Structures are given as structure tokens and as C-alpha cells.
Amino acid sequence: MPVVCSSTGAGHMTDELRLEALPPSDDDTRGSSRAEFVARAVVAGGTLAAGGALVAALPRLAASAPSPAQDQKILNFALQLEYLEAGFYAEAFAKRTLSAELLEYVSTVRHHERAHVAFIKGVLGRNASKEPEFDFGDATSDPNEFTAAAIALEETVIAAYNGQAANLTKGTLAKAATIVSVEARHAGWIRAIAGRDPAPDATDQPKTPGEVQAYINRTGFVRSR
Amino acid sequence: MSDLTLGELDRDGALREAVEQVSGETRAAFLGKAVVGGAALLGALAAPAAGKAAAASDVAILNYALTLEYLQSAFYTETERLGAVGGELRRVPRQLGAVERAHVTALKDALGRAAVKRPAFNFRGVTEDNAKFLKTAVAFEDLGAAAYKAQAARIKSPALLAAAISIHSVEARHAAWMRFLAGVTPAAAAFDEGKPVSEVRAIVASTHFVVARPKRKSSKNPKYTG
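For the protein sequence lines, the chains are R and F, in the order given. If you're matching positions, the first sequence starts at 1 in this note's numbering and goes up one per residue. If you're matching positions, the second sequence starts at 1 in this note's numbering and goes up one per residue.
Since the hints were derived computationally from the structure, they do not count as laboratory data. Each hint should be verified, as a subset may be incorrect.
Said to hold, decoys possible - With a Cα cut of at most 30 Å, we get these calculated DSS-like pairs of lysine-lysine:
(1) F:Lys108 to F:Lys156
(2) F:Lys132 to F:Lys156
(3) R:Lys175 to R:Lys130
(4) F:Lys117 to F:Lys156
(5) R:Lys170 to R:Lys95
(6) R:Lys170 to F:Lys108
(7) R:Lys175 to F:Lys156
(8) R:Lys121 to R:Lys175
(9) F:Lys108 to R:Lys175
(10) F:Lys156 to R:Lys170
(11) R:Lys121 to F:Lys156
(12) R:Lys95 to R:Lys121
Claimed, not checked - Some chain R residues flagged as far from chain F (calculated, every beta-carbon gap over 10 Å):
(13) Leu102
(14) Asn127
(15) Gln205
The structure displayed is predicted, hence computed values, not measured ones. Yeah, the Cβ is synthetic: ideal placement off N, Cα and C, and Gly gets one too.
Construct the entire structure; sequences and hints are all you get.
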């Protein structure tokens with residue numbers, strides 16, 4: 001049963017939300033296919049460029065006081081994820097081996113991810129981290145591998161943004177919120193195409209930067225520099 | 001795929017048709033009266049006033065979210081109960097109903113005695129027709145995501161923010177799913193903009209789906225003028 005957070009006390013003016021009563025996922029396929037995907041991914045190899053350092057400096061989940069300096073670290077973390085998504089869809093679009101339905105998805109979503117990269121780079125200016133090199137293998141050409149990877153990427157990015165929401169200053173949070181729901185729309189869309197439940201849970205659980213990093217490492221999509 | 005906006009829904013969609021069927025009102029009369037029923041009720045959903053105590057503004061936001069979740073959950077629950085929506089939409093009312101009811105339960109638990117009561121609804125036929133149901137579902141889910149988004153940066157409690165943002169993205173998944181089923185693009189733009197309370201209130205009021213004002217459960221609720 002997912003638990004987002006627990007209230008520290010009862011009372012009608014509580015400012016903490018309890019979500020302990022949410023039902024478990026009734027989508028049995030999601031966990032297993034994601035696990036399969038991760039298991040198939042190459043474990044050795046790349047990390048996000050400067051990823052270890054970025055992640056080490058980030059707060060785990062909602063915990064620390066927001067500041068412009070912290071925003072910058074979180075945005076650089078998000079930028080690495082957006083580079084990854086943008087690169088993934090750009091390559092899938094260039095190869096053009098997917099079905100018409102998948103290519104329609106790709107041709108729309110690639111613009112969104114490029115726009116997210118451009119937006120975050122614009123905010124960070126000279127402090128923007130560089131784009132890593134990628135190796136997506138067959139995940140950008142084989143329909144089954146593509147679909148599994150797209151679902152896992154989109155959902156990892158949702159979890160990453162959700163995990164950092166409370167660590168951002170309010171202005172940056174407002175911007176990030178306009179991005180994360182688009183990632184969620186992508187996740188719902190690609191799952192619908194794949195015939196999988198587009199929204200199997202009542203909440204999108206956050207992931208820590210370490211969990212996100214571990215997933216990205218297991219895909220082998222990011223080459224070492 | 002073309003985009004589908006709430007404006008288009010309001011202009012030629014199921015909501016107006018349903019209302020006109022029931023009430024015989026013209027569009028002008030319908031819009032003119034919109035302020036009476038729904039908006040009066042949704043006055044309880046005022047935006048948190050600047051300068052209020054953190055807990056009070058967060059409670060106001062939670063009650064705003066709760067009212068929208070009541071609306072969504074009642075819509076899907078009634079559709080499932082009537083059993084007239086089917087075909088490729090067959091799974092939708094049961095599944096989204098379960099999720100939205102879970103959101104209601106969570107928000108009510110969080111608010112305790114400060115929770116607003118469930119309003120009465122009259123969905124005016126849109127829960128019994130595939131096309132009308134789907135148009136309304138698209139509108140509700142886009143609206144839900146936009147409403148949560150606009151409040152995210154106003155929430156003071158980090159724990160509450162984390163919870164609300166984790167619901168927000170689920171509403172966006174729902175919106176994408178309903179749009180996919182409706183044959184309109186699930187993700188129309190690279191950035192999703194939020195909608196302020198006034199806009200959300202006007203859209204909900206225009207549906208006439210909300211037919212009764214909930215009684216306050218606690219005299220300690222913050223007071224609103226909207």
C-alpha cells in the first residue's frame with residue numbers, strides 16, 4: 001500500500017496530508033515488465049555525465065530548505081533527464097522503424113522534450129550541464145524495446161520531478177509543475193498505445209535522485225565520458 | 001490529431017447540450033445563469049488569501065481539491081452504476097472512479113473535521129452516453145491537472161505539497177488517456193499551464209453539475225467571500 005507521507009497528529013487544522021488509504025495498484029503487468037526491462041538493460045557502462053556528483057549534492061526527497069543554489073543543482077539533474085529523453089526520441093524519429101502509431105507519439109513528444117531542454121538550459125545559462133553521449137541500442141528501433149524504454153523513462157522522470165517538488169523555490173516549482181504533467185501525459189499516452197493501464201496508481205510515487213540514477217545506470221543508455 | 005480545448009467543449013460540447021436538454025435554456029441564458037448555482041457553491045473554494053496562516057491557506061487549498069475530487073468521483077461512480085457507457089470505454093468509469101474516490105478519501109482524512117461536505121450533483125445525462133461521457137471526462141481531467149498545478153506553488157507544507165504533486169501527475173495521466181480514447185492529442189503542448197481558481201470555478205459553474213451547496217462541517221473553517 002503506497003504511503004506518501006504520514007500525518008504527525010490529528011486535528012482539523014493539520015497541514016499534512018495522509019495518503020495511507022490509497023488502494024494498491026491493480027496493474028500486475030507494470031512491475032514485471034519494468035523489471036524485465038531493467039534486467040535486460042546493460043548494467044555496466046554509463047552514468048549521467050557528472051551524475052554522481054550532481055546526485056550526491058541533492059537532497060534525497062522533500063526535506064531541505066529551498067534556495068536558488070539548490071534550485072540550480074536540481075535543475076541540472078532535471079536537465080540530464082531531459083537530455084536523455086530528447087536524445088531517445090530524436091534517435092527513434094531519425095530511424096523511423098517504429099509503427100505509425102508509435103511514430104506519431106515520437107514526432108510529438110520529441111518536440112516537447114527538446115523544449116524542456118531548451119527551457120532549463122535557458123534558466124541555468126552558463127551553469128547548465130553538458131549533454132552526455134548516449135547509446136540507445138535497439139531501444140529506438142525495436143517497437144517492444146522502444147515501448148518498454150519509453151514507459152520506464154517517462155515514469156522515472158515523473159518520479160524524479162515529484163521527488164524534488166518540495167525542495168524547489170516556489171517560482172521554480174511553478175515552472176517544473178508545467179513540465180511534470182506533460183511527462184505524465186506522455187506516460188499515459190505511451191501506455192495507452194501499448195495497451196497497458198495508463199494510470200494504474202492513485203499517486204505517482206516520488207523517487208530519490210539516487211534511485212533515479214540507479215535506474216538510468218542500469219539502462220546503459222548513457223556512455224561514460 | 002487535433003487539440004480539444006475546454007472552450008470548444010463549452011461551445012459545442014456535451015455540457016451545454018445536456019443542460020439545454022434538461023432546462024430548455026439558450027446558451028446565453030445558460031451562461032448568464034451560471035453564476036447562480038455552481039459559482040455560489042464554489043465560493044467555498046476561494047483562493048487562499050495572502051497573509052493568512054499557513055495551515056489555514058493549506059486547508060483552503062485542500063478543500064478546493066476535495067471539491068473537485070468529489071465532482072470527478074461522483075461522475076465516474078454514477079457512470080459505473082448506470083452501466084450505459086461501454087465498448088472501449090467499459091473499463092474507464094470503474095478504474096477512474098476507484099482512483100478519484102481514493103483521492104477523496106485521502107483529502108477527507110487529511111482535513112478531518114475541516115473537510116467540506118460532498119455537494120449534490122446532477123450530471124444531466126452525460127453519465128449515460130459514450131460520447132458525452134468521454135468529452136466530459138477529457139474536460140474534467142484536464143481541469144483537475146490544471147487546478148492542482150496552479151495551487152502547487154501556494155502550498156506551504158512540504159508534506160502536503162509532495163502529496164498534492166503526486167496526485168497532480170495522475171490527473172494528467174488520466175487526461176492523456178481520455179484524450180487518447182477521444183482521438184485528440186494526449187499532450188497538446190510542451191508545457192501545461194495551470195488554471196486559477198476563478199477560471200476553474202467558472203468552468204465548473206458552467207456545467208450546472210453541482211446542484212446543492214454543502215453545509216459547513218465546522219465553524220472553525222476559514223471564511224470566504226467568493
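Outcome of the hint check:
1. F:Lys108 to F:Lys156: Holds: lysine 108 of chain F and lysine 156 of chain F sit about 19 Å apart, inside 30 Å.
2. F:Lys132 to F:Lys156: Given that 30 Å is the threshold and the Cα spacing comes to 38 Å, the pair is violated.
3. R:Lys175 to R:Lys130: 21 Å, holds
4. F:Lys117 to F:Lys156: At roughly 24 Å apart (the allowed maximum being 30 Å), lysine 156 of chain F and lysine 117 of chain F satisfy the hint.
5. R:Lys170 to R:Lys95: 40 Å, violated
6. R:Lys170 to F:Lys108: Roughly 26 Å separates the two Cα atoms, so the pair holds.
7. R:Lys175 to F:Lys156: Status holds; Cα separation ~17 Å.
8. R:Lys121 to R:Lys175: 13 Å, holds
9. F:Lys108 to R:Lys175: 28 Å, holds
10. F:Lys156 to R:Lys170: Answer holds: lysine 156 of chain F to lysine 170 of chain R is near 10 Å, not above 30 Å.
11. R:Lys121 to F:Lys156: Holds - the C-alpha atoms of lysine 156 of chain F and lysine 121 of chain R are around 28 Å apart, at most 30 Å.
12. R:Lys95 to R:Lys121: 26 Å, holds
13. Leu102: Since the minimum Cβ distance to chain F is about 13 Å, leucine 102 of chain R lies beyond 10 Å and the statement holds.
14. Asn127: Non-interface label stands for asparagine 127 of chain R: nearest chain F Cβ at 22 Å, farther than 10 Å.
15. Gln205: Answer for glutamine 205 of chain R: violated, closest chain F Cβ roughly 7 Å.
Of the numbered hints given earlier, the model fails hints 2, 5 and 15; all others are met.
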